[in-house]
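Novice: Just so we're aligned, residue 1 is where the sequence shown starts under full-length UniProt numbering, counting upward by one.
These are calculated hints, taken from the structure and not from any lab test.
Here the structure is a predicted model, which is why all the values come from computation and not from measurement.
By construction, the Cβ of each residue, glycine as well, lies at the ideal position given by its N, Cα and C atoms.
Careful, some of the hints might be misleading.
[What the hints assert, rightly or not] EDC-like cross-link-like pairs, simulated, lysine to aspartate or glutamate; straight-line CA separation at most 16 angstroms: (1) K190 / D106; (2) K190 / E379; (3) K329 / D106; (4) K344 / D318; (5) K148 / E366; (6) K329 / D357; (7) K329 / D356; (8) K299 / E253; (9) K157 / E211; (10) K225 / D155; (11) K190 / D381.
[To be verified] Pair by pair, the computed Cβ-Cβ distance ranges are: (12) R323 / A374: 47 to 57 angstroms; (13) D357 / A192: 28 to 38 angstroms; (14) G105 / L327: 16 to 26 angstroms; (15) D106 / R189: 19 to 29 angstroms; (16) T159 / P345: 35 to 45 angstroms; (17) A104 / V152: 42 to 52 angstroms; (18) S117 / P326: 23 to 33 angstroms; (19) D296 / T159: 35 to 45 angstroms.
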Amino acid sequence: MTSLPERGAAPPSNPTPSSSREGDAAVASSSSSASEEQKKDGSPKQCKASILSSVLTIFEPDQDQSGRSGGHASGSYAWSRVLRRFVGGGSMWRFLGCGKALTAGDVWFLGKCYKLSSEESSSDSDSEGGHAAFLEDFSSRVWITYRKGFDVISDSKLTSDVNWGCMVRSSQMLVAQALIFHHLGRSWRKPAQNPSDPEHTRILHLFGDSEVCAFSIHNLLQAGKSYGLAAGSWVGPYAMCRAWQTLIRTNREQPEVINRNESFPMALYVVSGDEDGERGGAPVVCIDVAAQLCYDFNKDQSTWSPILLLVPLVLGLDKINPRYIPLLKETFTFPQSLGILGGKPGASTYIAGVQDDRALYLDPHEVQLAVNIASDNLEADTSSYHCRYVHHSSYRRLRWFHCSVSFLFSNGQILIRVSTLGQHCP
């Protein structure tokens, strides 16, 4: 049985480069205090597994409406776009968001830790774990936003998803990262110049805005009709996760598809504590269901398939309950982390990292022209699918209370191991 990958600890000031892929063993803490704590609490694997187990069991619908908003986010998208015209050139990268710039300290980004130094400039390329390394990682993540000028969505006259498609775009970003991590590894970085990586180009093609692209907004809306997805209407994370489940199953059942695992090479498990996940409920991982999903995916094979875990949650009535924030932040420290879909009616973001009390996210609300990249065009301009600007906001300022936490397990057996260990933790 494959051993459980432990949660990554913050690297030292001068970390050594690593070429390990997602799911490889993470760096373990060497402090004496950590050792003493492990002696008191039991097996380190069990304790780390209990954190993930808590994420899947502690969340319940919040009934407290007494709290007030922590304040309105400052700035606006229009102002950010104007500002970027002045500071976006060359190596002058900036952190834009709803508060002060990122400070010195640890940044956890999709399971990897970066140590930002107050003495290091954002253009300093000498630090393997600082600003430059973080920005290179961030800008390599697939960024999918509002588009205009694409093919008409069936049963509508819409050629743009502006003002309603942000949850769809956020979910596309999440799934795109899963495909990048699976095919190219967690350590992959986008080349500075063309030609692009063939696998990277093929993945971007899947998310083009046309019915011929497997994971287009057109096909997602069609697959999610029974869950309320419709052109021109916002949808919550639960319905979005179910739409992905339906679309992937439909694609695999198409008789003309020769390699059924080509477009989505992993099992998908949507964990929900209620038939109507938008109402909340404590999600519970069913081991038998996870095992069956992996078996069905890898029929006629003895190996366990990778599995993408989506956990839709409702963490409040009109805002997120503060007691859930520490657990949400903790999820980014796991090597299996794929981020969080955060949303409220009319708005959504893809949260990919955390520093202190701030969420770092990829914003889908930028409006860009539709671009369909051919799967074999290695010279295609892919710049509109990558972002150099890190938006961030205090968790307490984020007004979303519907979300979906996500994890990618490179081996379904690892997920089962995590859940089993978590059940035995105090």
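Novice: Work down the list of hints and note, for each, if the structure agrees.
Specialist: Structure-based check of each hint:
1. Under the criterion of a C-alpha separation no larger than 16 angstroms, the hint pairing K190 with D106 is inconsistent with the structure, at around 23 angstroms.
2. For the hint pairing K190 with E379, the CA-to-CA distance comes to about 13 angstroms; that is within 16 angstroms, so the pair holds.
3. With a CA separation close to 12 angstroms, the supplied pair K329 and D106 stays within the 16 angstroms bound.
4. Restraint check: the Cα-Cα separation between K344 and D318 comes to about 8 angstroms, which is no more than 16 angstroms; the hinted pair holds.
5. The straight-line distance between the Cα atoms of K148 and E366 is roughly 11 angstroms, inside the 16 angstroms bound, and the hint therefore holds.
6. This hinted pair checks out: K329 and D357 have alpha carbons roughly 8 angstroms apart, not beyond 16 angstroms.
7. For the given pair, K329 sits about 9 angstroms from D356 by alpha-carbon distance, which is consistent with the 16 angstroms threshold.
8. For the hint linking K299 to E253, the alpha-carbon distance of about 14 angstroms falls within 16 angstroms, and the restraint holds.
9. Between K157 and E211, the direct Cα distance comes to roughly 15 angstroms. Compliance with the 16 angstroms bound is thereby established for this hinted pair.
10. For the hint linking K225 to D155, the alpha-carbon distance of about 12 angstroms falls within 16 angstroms, and the restraint holds.
11. For the hint linking K190 to D381, the alpha-carbon distance of about 12 angstroms falls within 16 angstroms, and the restraint holds.
12. The hinted window of 47 to 57 angstroms between R323 and A374 holds, with their beta carbons roughly 48 angstroms apart.
13. A hinted range of 28 to 38 angstroms for the beta carbons of D357 and A192 is consistent with their spacing of about 33 angstroms.
14. Between G105 and L327 the Cβ separation comes to about 20 angstroms, which falls inside the hinted range of 16 to 26 angstroms.
15. Evaluation of the 19 to 29 angstroms hint for D106 and R189 yields a pass: the beta carbon distance comes to about 20 angstroms.
16. Separation of T159 from P345 is about 24 angstroms and departs from the stated range, judged on CB atoms against 35 to 45 angstroms.
17. Roughly 50 angstroms separates the CB atoms of A104 and V152, a value that falls within the hinted 42 to 52 angstroms.
18. In this structure the supplied range 23 to 33 angstroms holds for S117 paired with P326, their Cβ-Cβ distance being about 25 angstroms.
19. Our hint of 35 to 45 angstroms for D296 and T159 holds, since their Cβ atoms are close to 37 angstroms apart.
When the structure is compared with the earlier hints, violations turn up for hints 1, 16 and for no others.
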